[in-house]
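This is what each chain is made of:
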Amino acid sequence: MDDTDSQADYDSDTQQQQPPASHHRVGALLSAYYQLDESGDQQQPSSASAGDDSAKASSASGGMGVRRESKSDIDGPNFDVHSWFQELVTNTELSQMLTKSKELTEQVSTLDGDMQMLVYENYNKFITATDTIKSMKANIESMESEMSRLTQRINSINQCSTRLNATLAGRPEKIQELVGVLNVLQKLQLLKNLPQVLKRYLDSGDFESAVRTHRRWEVFLGLTDKTTAAEGHPKKAVEVAGAFTDVAKEVWALMSAARSAMKSRLDAPPPERERETDDDPLGTFSAVHLVKVLLLAGEDPTAMLDTFLQGRRRALDGRLKVIVERAEKEAAAQRRDRDAEDEREPFVDACHGVAASWIPPLCDIIRGAEAAFKLNTDIIPSTIPDTYPTKLDTFLADNMASLCESLGALMRKRPLMPVDLPQTVPVESVSSSVGAIAPKVIEEGLRLVGVAVQQGGRGERGLPVLEVARAWPKYPMRIAGLGIELRFAANTELFLNHLRQLHQCCGPLTAIKSPSVSSAAAAGGSGGEGSPKESTPQHQQQQQLPTADSVLERVGKVEHSVLYQTTLTLTEVAPYLSVGELDAGVSAPKAKQALQEGIFTHTATLFETFAALCRIVTGRETDVPLEGFPPSMSDELIAEFQSIEWRALFALALVRIGRHLEQRGLQRISQMAVAQYPGQQSTTFAQTTVPALTKKTRQAAQRLLSAYAFHTGQQLSHLLRKSIRTPDWLHVREPRDVRWVMEVVVKEVREADNQLARMLGDPRKPKQHAIRSSALLRIRRTQMELEMDRLFARKVLIFGEIPFNRNGAVVGILRIAFKALYELVRDETFGKFGLQQIQVDCAFLSDMIRELVEQDDANGLDGLLDEVVTSASQRCVDPVLMDPAIVETLCDEKRARMDFSE
Amino acid sequence: MSSARIYGVKYAARCVAPVLSDPDRHRFVTATCSLRDTNEVHVIEFVEDNPSRDIVCEKILSHPEEVWSIIALPAFDGGQATSATANGTDSGQLRLITGSGTANAPADHRCRLWRVQHDELKLEETIDQNTPFTPVRRFLLDPHSTEGPSPMCRLVVLESRAIRVLESDAPAGGCVSGFRSASRVDLEGRVCYGGSMDPHHPMQLTTVDDGGIRGWDLRTIKTTVQRADTHPYGVLDVDYNPNRPYYIVTAGEDATLRFWDLRKLNACFKRIGTVHSHWISRVCYNAYHDQLLITGGTDSLVNLWTVGSVSSAPMRSSSTLSATTPVAKDTGEEGGGELPDGLIRSFEDHEDSIYGLCWSACDAWVFASVSYDGRLAIHQVPSEDKYRILLV
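If you read the sequences in order, they're chains A and B. The numbers in the first sequence follow UniProt numbering, run straight up by one, and end at 902. The numbers in the second sequence follow UniProt numbering, run straight up by one, and end at 392.
What the hints contain is simulated information worked out from the structure, not anything from laboratory work. Among the clues, some could well be false.
[Said to hold, decoys possible] In silico DSS-like links for lysine-lysine, alpha-carbon gap of 25 Å or less:
hint	chain 1	residue 1	chain 2	residue 2
1	A	249	A	199
2	A	263	A	391
3	B	10	B	122
4	A	832	B	10
5	A	795	B	10
6	A	137	A	125
Full structure from sequences and hints, please.
Okay, here's the thing in structure tokens:
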């Protein structure tokens with residue numbers, strides 16, 4: 001192409017030097033070649049297809065033919081300038097001609113420019129072509145010698161090849177053998193490198209690859225010396241063995257290290273990992289994987305099973321702990337925030353939650369064990385330990401037992417109901433279901449495990465609790481014990497809630513007004529008659545008091561509820577006995593016996609808790625270590641009841657409940673227990689435990705009643721204190737009436753008496769009015785008698801325990817009040833009329849109390865009142881007593897004015 | 001040995017006090033408070049080694065008015081020697097201050113300083129006639145005032161409605177001869193029942209009134225700490241632990257003892273009770289062994305308590321306990337050398353309410369109580385308990 005191009009350039013170059021006559025043709029040719037004109041598009045295909053030859057031909061011979069076509073086309077090849085000019089001159093006007101001329105001149109100058117440029121370009125090309133041709137010429141000259149040299153060399157290669165063939169032709173076996181040796185050597189190299197390879201695998205934690213590699217090489221390593229020895233190359237064998245003993249040792253060391261590493265990982269999975277991602281089943285899966293790898297590595301399956309199960313056990317335990325803790329926190333939080341009306345128990349939900357999130361991993365483990373030991377193609381079925389099913393059973397049972405215990409602990413940790421339990425919500429709805437639910441959660445859990453086991457290839461269907469219990473030995477006793485415990489705990493909780501509600505029901509107003517109100521009233525009334533203004537709040541408050549009736553009604557409910565619920569509980573726990581009998585660890589009678597013992601202990605605990613609570617509410621012995629409290633009583637519970645406000649009605653309500661339990665309830669429970677669970681246990685319960693409980697309850701109730709008397713009496717004392725402190729006893733006027741505060745005291749005592757009568761069901765016997773005046777007629781009693789009464793009164797235990805009846809309690813209250821009165825009197829100094837006022841007051845009190853207490857007790861109380869008067873006389877500068885007749889008149893008048901309509 | 005020695009006075013009595021000027025003998029003074037009769041001040045001595053006549057009535061001195069409170073002042077320098085040589089026959093250096101509670105008695109007679117001369121009470125001074133006393137309930141001697149380079153007597157007089165600080169002149173011839181009122185604060189309607197001077201910090205006082213417990217700084221006569229509901233239904237007495245600063249005990253109408261730390265009065269740290277069956281009117285720490293307490297109540301009981309757990313003793317004893325236990329064994333009591341907290345002994349020698357109670361100034365094991373019926377009893381700590389405390 002280059003050649004032809006340069007040839008054409010050459011041609012055009014030569015043509016250019018021709019005279020201008022052929023100018024147009026040359027221009028056209030050049031234009032056509034370089035496609036300069038507008039019509040280049042049409043011309044190009046022809047030139048491309050026809051090539052240079054056709055172009056040459058057309059340029060050489062086509063001149064005539066084209067001229068005919070158009071002589072007037074100025075750009076055409078056949079343009080005849082003369083004819084065109086002739087035509088132009090003849091046909092065109094001057095102005096047009098001038099224009100045309102101008103036009104033509106411009107075109108000519110343009111064309112000249114084009115031409116010039118073309119010439120320069122072509123000249124350059126020409127120069128280049130010339131240079132190229134020159135260098136080609138020189139190169140081709142040297143090529144010939146090169147070629148001859150090449151031929152020479154190929155020939156010599158040919159000769160060499162032939163010679164080589166000839167040389168190698170005789171030794172193919174040798175070569176093959178050598179290649180074999182090479183292979184062996186390569187293998188040996190690998191063997192030599194085996195420790196590094198293994199190490200690399202192990203370092204990257206890829207135990208499986210390591211074990212598989214080792215397994216491939218193990219045979220070789222292990223058998224090397226034997227085979228070679230058999231083949232009769234002892235020397236070589238020794239050499240090989242000698243050479244690779246180190247390697248074998250190293251590999252062995254590596255592998256055993258790897259194995260122990262795997263085992264330890266399996267045995268004790270990093271607790272942090274388990275903790276952080278307790279939702280991640282990776283733990284179990286990787287453990288199963290490890291077991292598989294270890295089995296592959298030839299570990300003893302029995303030992304592996306043990307290790308696997310132990311490790312999983314630990315992991316599960318850790319996980320359980322975490323879950324339970326979290327559930328507990330959440331449940332406690334929910335419980336705080338929840339709506340009072342919301343009957344759902346967050347702790348029960350928490351139990352469900354724990355079971356739901358803990359049992360799947362357990363199932364995973366069982367499936368994993370199946371996968372590792374039974375479905376693993378790498379191990380021979382015969383190596384599956386015979387003990388496999390047993391061990392899995394034990395594992396399941398142990399774990400379920402842990403779950404049961406955790407759930408039990410969770411339920412036990414349930415915080416107590418808040419004290420401000422709304423009165424409107426029935427207590428039963430809040431707490432009765434709790435105890436029954438926890439065992440259900442466990443049953444549900446067992447069912448889930450049963451399903452899992454079934455999925456794992458054992459068993460035919462999901463198992464109900466009895467089936468599960470039968471399937472797993474040693475487990476039933478625990479679930480039965482736990483079920484019983486929780487059921488009783490719920491019962492106790494219910495009872496406690498009843499008591500809390502009762503406490504609320506008894507307040508916030510107590511039977512005796514708060515000291516501030518009483519003292520205000522006392523201060524106002526100490527001068528004589530109370531003004532109506534001051535008595536109004538008193539009156540209002542009495543109306544606001546929770547009536548003994550409403551409290552009684554509630555007490556009745558509580559009494560009924562505790563007996564009913566306890567009976568119900570005793571009945572409901574009966575099925576657990578049959579669960580317990582399934583336990584393979586103990587014989588059926590023993591299981592029954594143990595469970596029954598549990599039942600009776602729990603029953604006793606309920607009533608012991610009540611007695612303990614009474615003791616706490618009594619409050620006066622909190623400094624004594626709280627011995628003899630049932631272990632079920634949490635510190636929170638103790639603290640709660642220690643801090644509750646003293647409410648007289650509540651105390652009385654407790655006393656009443658206590659007495660009811662003592663007199664009837666415990667007996668009924670005992671009969672019920674004997675009927676439900678005949679046998680040695682219940683007999684012991686009825687004959688030993690119940691009497692002890694009765695005694696405890698009675699003591700607690702009695703102490704509480706004493707505490708009631710103590711508090712009420714002390715409140716009265718405060719009333720009296722103000723009444724003694726305030727007046728100027730040296731300068732009071734002659735008494736004309738019993739002081740108003742005495743009326744308040746009497747009213748308070750009557751109020752307390754009413755409460756006692758209602759709450760204890762111990763109505764006051766109507767008394768003959770005739771007897772009352774005997775106390776006033778002191779004159780009939782000898783000085784000696786009075787002295788004896790006073791001596792006796794002084795020695796009486798004022799804060800001591802009181803008889804367990806209405807009379808006893810009232811006497812207790814009055815004793816405290818009167819004792820305070822005489823202590824107070826001793827601090828004062830009286831004038832004559834002051835003493836007489838005291839005398840009148842005491843006579844009035846002595847008169848009024850006769851309606852409230854028994855005759856004998858009234859005499860004892862009179863002794864105290866005598867002591868008041870005597871003490872006042874001692875402290876009197878002018879001890880002249882009033883005429884008893886006047887005193888009596890004053891008292892009668894006062895009495896007649898008093899309004900006891902309540 | 002441990003049964004009480006009984007001594008009777010003619011009329012009702014409310015007060016008993018150890019004779020501070022004679023630290024070698026168990027001497028006490030007590031006085032009657034009869035409103036209409038001539039009252040008596042009895043100076044008695046208890047002789048341990050003489051079983052036949054163990055309470056010696058040293059003197060009976062007539063006193064014009066009733067006596068609600070009494071204190072036998074300590075002697076200074078030479079005074080003590082005089083007293084020792086006098087040996088019971090002459091009490092020339094004995095100075096008493098008596099207080100009266102009678103509302104109708106002349107107000108300027110309520111607090112008087114007496115000199116015991118032969119068998120008479122010589123009036124030394126009627127203290128502070130300018131500001132009338134309200135009934136006087138208790139005299140407290142400031143233990144810090146009698147020591148130091150210029151010893152004197154600073155007395156706190158607990159009146160029903162006020163607290164007054166008296167300071168003596170410089171003692172002449174071993175005795176104080178007069179007092180002046182240093183400061184006084186009115187209780188604004190509250191009734192004071194008892195109080196105690198802080199043995200660890202000078203000029204600190206704690207009182208109890210019907211508003212609860214109250215700490216005072218006597219330099220400013222300002223309340224330092226207070227707490228209202230110390231005991232339900234009222235508090236009647238208070239005493240400082242002699243060995244543990246800031247520890248106090250209070251007794252109240254709920255028949256319990258409560259132990260407090262004055263620095264954190266928000267809760268009492270110990271409570272014992274249920275032995276007295278009425279108010280506890282007096283509580284006194286033993287000045288040497290702070291595990292020993294005595295209480296007297298309106299139930300006519302005198303109780304001796306041990307409260308090792310809140311005393312300074314546990315800190316001392318715990319390390320040496322194991323070594324000394326075998327020695328303590330011979331008491332025949334249950335093993336351990338340390339006494340469990342609680343009642344040691346209840347003395348039922350009285351038949352009326354007890355208002356006066358005090359330890360002897362002579363040693364740590366004798367104390368006296370007086371009941372309203374005029375019976376004075378002198379008790380001793382049972383010897384087995386004494387040895388257990390000593391040998392720990």
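Problem set entry | Numbered hints the structure breaks, given as an ascending list | none
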